[in-house]
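Here is what each chain is made of, one letter per residue.
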Amino acid sequence: MNILAAVGIEVPFTLPIVDYNAIAPLLILLGAGVVSVLVEAMLPRGSRRFIQLFIVFGALVAALAWIFTITGVRVITAEGAIAIDGPALVMQGAILVLAILGALLMAERSIDPSGDAFAARASALPGSEDEKQFTARGYLQTEVWPLFLFAVSGMVLFVSANDLLLMFVALEVMSLPLYLLAGMARRRRLLSQEAALKYFLLGAFSSAFFIYGVALVYGYAASTQLPAIASVLTAKPGQTSLALIGMALILVGLLFKVAAVPFHQWTPDVYQGAPTAVTGFMAATVKIAAFGALMRVLYVAFGGMRWDWVPMMWIIAILTMLVGSIIAISQSDIKRMLAYSSIAQAGFILVGVIAASPAGLAGALFYLIAYGFTTIGAFAVISMVRDESGEATNLSKWAGLGRKSPFVGSVFALFMLALAGIPLTSGFIGKFSVFAAAIASGDTWLVIVAVVASIIAAFFYVRVIVVMFFTEPGPQTASVEVPSVFTTIALAAGATVTLVLGILPQPVLELVSNADLFIR
Amino acid sequence: MTEVNLGEEIVFWISGGLAVLGALGMILSKKAVHSALWVALTMINLAILYIANSAPFLGMVQVIVYTGAVMMLFLFVLMVVGVDSSDSLIETLKGQRLVSIVLAIGLAILLIAGVGAGLTDVVPVGLEEANGVDGGNVEGIARLLFTDYLIAFEVTSALLITAALGAMVLAHRERWLPRASQAELSRSRFLGAGHPGNLPSSGTYARHNAVDTPALLPDGSPSELSIPGPLVARGDVRPIDHHDVDQIESLGGGTK
Amino acid sequence: MTGSQFGVFGIDPWWLVLLKVLAIFVMLVLLTLFTIWWERRVVSRMQNRIGPNRVGPFGLLQSLMDGFKLALKEEIIPKAAHVGVYWIAPVISATAAFLAFAVIPFGPTVSIFGVETPLQLTDFPVSVLYVLAIASIGIYGIVLAGWSSGSTYPLLGGLRSSAQMISYEIAMGMSFVAVFLYAGSMATSEIVSAQEPIWFAVILLPSFLIYVTSMVGETNRAPFDLPEAEGELVGGFHTEYSSLKFAMFFLAEYINMVTVSALATTLFLGGWLAPWPLSLWESANTGWWPLLWWLAKVQIFIFIFIWLRATLPRLRYDQFMKFGWKVLIPASIIWIMIVAAARVLRNDIDFSNRELLIIGAVVIAVLLVGSWLAQVVIDRRDTARKLALAEFENRTYDPIAGGFPVPPMPGQQAVLTSRRTASPVVQQEAIDG
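Listed in order, the protein sequences are those of chains F, W and H.
So for the first sequence, the numbering used here puts the first residue at 1; every next one is plus one.
So for the second sequence, the numbering used here puts the first residue at 521; every next one is plus one.
So for the third sequence, the numbering used here puts the first residue at 777; every next one is plus one.
Rather than coming from a laboratory, the hints here were simulated on the basis of the structure.
Hints are not guaranteed to be accurate.
What the hints assert, rightly or not - Simulated crosslink set (BS3-like; lysine-lysine; CA at most 27 Å straight-line):
1) H:Lys855 with W:Lys551
2) H:Lys855 with W:Lys550
3) H:Lys1102 with H:Lys1162
4) W:Lys551 with W:Lys614
Construct the entire structure; sequences and hints are all you get.
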């Protein structure tokens, strides 16, 4: 009956070998995501939030714990599609820890008097009777939790994808929930929806570039697996025009996620419009995931074309640092300012990427971890500073905040100093290790530009501190809401890590420099 | 080089030309529905090219999924949103059309030149060879899905779940009160003060029988219930021409 | 197309291909004319009428005459129509309807003018998918007809019918999966030969039932003929079409009926294979005889179509969509999983039929208990509704509410009064009135 049998062709089918131990964290997260969707479908509304929180934190902690048990694993599995190696494990761990902090921010319910950070029902038109009714009845959009879990699983897969096609799927699994989450803010919903739409359209556009690049690279190498591409590059070094164009298009897709200039246009709008908890989560984790994938593609697949991509990345890094820092100066909205700051930080990390050395990779990893904790903490503070209309993100409302609430003010000042790269904070060590690696690789001029950009950037970070502490609080000044234990933990963790990594960076530095090689 | 036979070449130039034509038509159409139709044309021609390249499964799936489902849903949205809506032609960004045309042409030249240069000394192995490994197109795709791309294939389900969930979150209008059943609606209609049955239909006379003409009650006065509310609100109700009525009655020999 | 199993296809001389195309075309047109007459006669009989019996023997030429009349009628094109699209819509519909028949097998290899050839225009590894693809292109004809008419009823009708066809195409496609699993192929000719021992309608009964249901939805026929619900939408998508263009839609609808019936025959009823008692006769499956078996099986399905139309009232739109999405599609998914699991258990893990039956029995038992529990929960939820109903029904009945005699509401009991015992006052009033 079988065609093959009828023709007499015997095609042996061997089941693919999957190292389930190595990819268990991913499976835990995906499984939890599916269970979480089922909870949404089956259980009554009132009990969902509690169960969802249980599933989310349970899954994140379980996945993290599993990663601690497989720290020694270095393996390429699932027919070469997934690479679990040092950088992948470090980044997966960092993503999971930061995702826990992000989930804590998203679970916060006592800052906003009417509920959590998300619209009671995202489908109710802003300002409609429906919206009022849902808000008054205390509805919560618990669908954010499955979306959150899928986003995290996409990230965890993204940093370990060893195959361009799988990387594309992971990119979409990571991005699609984020597009949705960005559009579900409880306050200023039109702004939030606009942000989501922009993010979605531009994100879809950049994904199209990515997949087109994958197609061209496949045309060149007849494979989408990164090591295979690298070996074809060494086998036939001439005739690389397909690979070159393909790589450029892939980089467009990845640099978009990294928010490098000129692919940064979405960042300010999305950071400002999205619910602050989501912004914090996204700023910290997407950056890690996107840089992880970027470095894997550049080092593993296109390491042989280093002299083709380095000049291009030079220009992009310089543009990113300068444009991010300079435009941030003119911002009056604190979320927008942090968005431009994140663009500038992406430029600094790119300096480490360009170094293309183990030290550069380790520096970039350290920088990403440090930046993640600092930025999530900063957004935690922003979510607490409010006036009667919701979050007070305009800088004028922050005047004198440091005097009104000295504790929160000083924590925020700490984050600003860390972002500026002042010694005794994690930001300093991050910048130092990245720049040192770049100088060691001979990119001295790039480092000089980076230092200039850091000085420009320091200006606006310090300005926030000045506004907070050296202005008298007036009637305009927002007040700091007392958060529940969720935000408090996230904030404390962010501040502690920022300080500890500044004073005692050695353990983490050792961790990242032990994990400085991508497996091929 | 493997030989490309004449039939294949003819198919390529016709379908390829139509596909490009569809793509251009999509960009240049002013009506959104027309654009969608052009895309459908492109999709079908791509499917034909796949089939000509010995990938019948891919070709069929292309038609079923893209032409049949995706474009159809797209058409749906366009039609529901506005039967005749065409895009506003006012440019918000000055000169962006020119710049984008120039850049697009530049990218096209770059890609065509690059891809062309990259493919000059490639030796094709032939379609028989490509499909022969697993005994056919369907079997080949099946093997790839369950070996090399197993994880990608399975993780795609997470993507689809997310998409479905997202559509529900953004578009599903929940009710804060349970929906009234047909029986309940009927009951409340009879209990309420309104009109439980059908409203009287509009007037039917020799000269007028449109919905804007009220029916006459036994005493000759117009029945307001017989006119749809929106017409009343718009002031589009035709007044009863009593002269007409009288004339008709006198013609019929009726008495008033 | 690779693979020697399709060696018999694609080697016909050009005149034979042309002959087959012509034969299929003529057969479809004749079948359409016959089906229209057949439908009118059968429906008439079911409604105690006679039906067309004037033109030709038994009125057989009635639909031919109607066709001539339709084609010669005046054509009216609405001013608001989008001309190009309005023109092409019926063409798409009719063309797609004809195209689908290219892969339907009518019989085994026969000799035509000395050339050995199968009674089938062509076949290739995914020909069943080809039928689905063509069906999805055919929907365009309907949607575009609705849109391009520039009028509300056609637009609504077009949207409805395409929503309906897309929804039911999913269930339809899923019902094929089990067939593919058992036949090991997606080519129509191989699916037919795979049914040599036993028809798939027997071993894959749920698939068959799902297909038969969804094929009625797919062709917009009663009781699923919502796009043409006269009371709501006048004629649906073809309201603004007349003359030959309308005739093309008409043709497309009937050809589609024949196509889905032919597909049902091919996939589930063994195609041209002779049915059981006949299959004992040795040469039943050779030569031109199978064409007769095929035609008979197709006619059975067409009769079912007509029977349904004469028997069942039309569904409400939301109920219909709910049925498609919440019953047919989940049922197909579950059934596919059962079939796949059963095959794996038999082929790879070496389960015997008996063990499979035991597992099946356990599953059915669990399902029964589960559905009983679900019913208990549903009943409990319904108590609130029942209370409301009881309250409504227990209201006191006032026979002359508001001064007029009023009949009792549903559930109320009229108080029986006798004229003789009625009070004098009421009698007096009656006389005065």
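Comparing the hints with the structure gives:
1. The suggested pairing of lysine 855 of chain H with lysine 551 of chain W holds, with an alpha-carbon distance near 18 Å, which does not exceed 27 Å.
2. Among the hinted pairs, lysine 855 of chain H with lysine 550 of chain W is consistent with the structure: their alpha-carbon atoms are about 20 Å apart, no more than 27 Å.
3. Distance restraint check for lysine 1102 of chain H and lysine 1162 of chain H: the Cα-Cα separation of roughly 26 Å lies within the 27 Å cut-off, and the hinted pair is therefore satisfied.
4. Straight-line distance between C-alpha atoms of lysine 551 of chain W and lysine 614 of chain W comes to about 22 Å, which keeps the hinted pair within the 27 Å bound.
Every hint, counting from the list given before, is met by this structure.
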